[in-house]
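> So the sequence lines, in the order shown, correspond to chains V and F. According to the working numbering, the first sequence is numbered sequentially starting from 1. According to the working numbering, the second sequence is numbered sequentially starting from 1.
Check each hint, because a few of them may be wrong.
[Unchecked claim] EDC-like cross-link-like pairs, simulated, lysine to aspartate or glutamate; straight-line CA separation at most 20 Å:
id: 1; chain 1: V; residue 1: K22; chain 2: F; residue 2: D11
id: 2; chain 1: F; residue 1: K107; chain 2: V; residue 2: E13
id: 3; chain 1: V; residue 1: K22; chain 2: F; residue 2: E114
id: 4; chain 1: F; residue 1: K66; chain 2: F; residue 2: E119
id: 5; chain 1: V; residue 1: K22; chain 2: F; residue 2: E28
id: 6; chain 1: V; residue 1: K51; chain 2: F; residue 2: E44
id: 7; chain 1: F; residue 1: K158; chain 2: V; residue 2: E14
id: 8; chain 1: V; residue 1: K22; chain 2: F; residue 2: E131
id: 9; chain 1: V; residue 1: K22; chain 2: F; residue 2: E104
Since the hints were derived computationally from the structure, they do not count as laboratory data.
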Amino acid sequence: MKHIQDHDMDSFEENISSIPRKPLPVSWRERMVDTALGEQKYSPQSSRLTKLFVRSGIGLMAVCWVVIAGLHFMTPSEPNQPPSIVQKDFSGSALLALSWEARWEELGLESL
Amino acid sequence: MQRDELERIYDEHALCAYALFQRFTNCEADARDLLQDWLVQIAEQVDSTTGLVNERAFFLRIAYRKAVDWTRRGDARSRKHKRSYEELESQKVTTIEEVTDGIELQKALETSMELLPKEQQLVVQMKLWDELTFSDIAEVLDVSPNTVASRYRYGIAKLQESLRSLYEEAYN
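Here chain V stands alone, though its shape is the one from the complex (with noise of 0.2 Å):
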């Protein structure tokens, strides 16, 4: 490894390392720092915003959830058995039924 990292440039390389390269132009020094130093100006801004955002959304979601699950509890559950009104009127229109079967019978006819 150390022959790669001691290579000693011939004369070639070192005339061709000392022709200069073309510099940049002078005007976009102070152009490109004020750009790069606005845009890290503005960053934390706009960083400080979308975390508000964020932020709000999260506490947002947090209310509906407790909204939800106050609704939830509050909420009478649905009775398992109809109301008793409907038994009633079953039981009600179910014996009548079978006594009008039942006198159909007696009275020697036919069944519905």
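For this one, chain V is given, so just place chain F on it according to the hints.
Leaving out everything else, chain F in the frame of chain V:
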């Protein structure tokens, strides 16, 4: 990051980063845009440069990743410039006489550099002008130092070959 620190980074490393972007984009406007993005990223994400073993390698690594991302995006603009690059390639001269005849060594060097594969261009550039060691370059490009050394030797051999006559004229 403070303004004076950012200005110092620009003064010391922007030219190297720009040269790297030029190698990828072959377009001054795109290279300039990438340089701006590079500086914005440094201003936003680099709090301090203390403790960096090799500052230039660190900043060139950021530049290299940015350039690779740019290449991968492959947007219409990139394709357009790829086309213009291909046009440039087709116009390139291939013999030593054509490369060096009647033009300055600097221009001939630039043309010869463009004839190299991009991997060799980057390594030669970082070694000769950015003054990085093979290990530093290996870190920037995320390859082994042996690979870097190999690419460098191939690149230099090709440059020597294509610049021979003009080089001898200038230095002998």
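> Of the hints stated earlier, which fail here?
none
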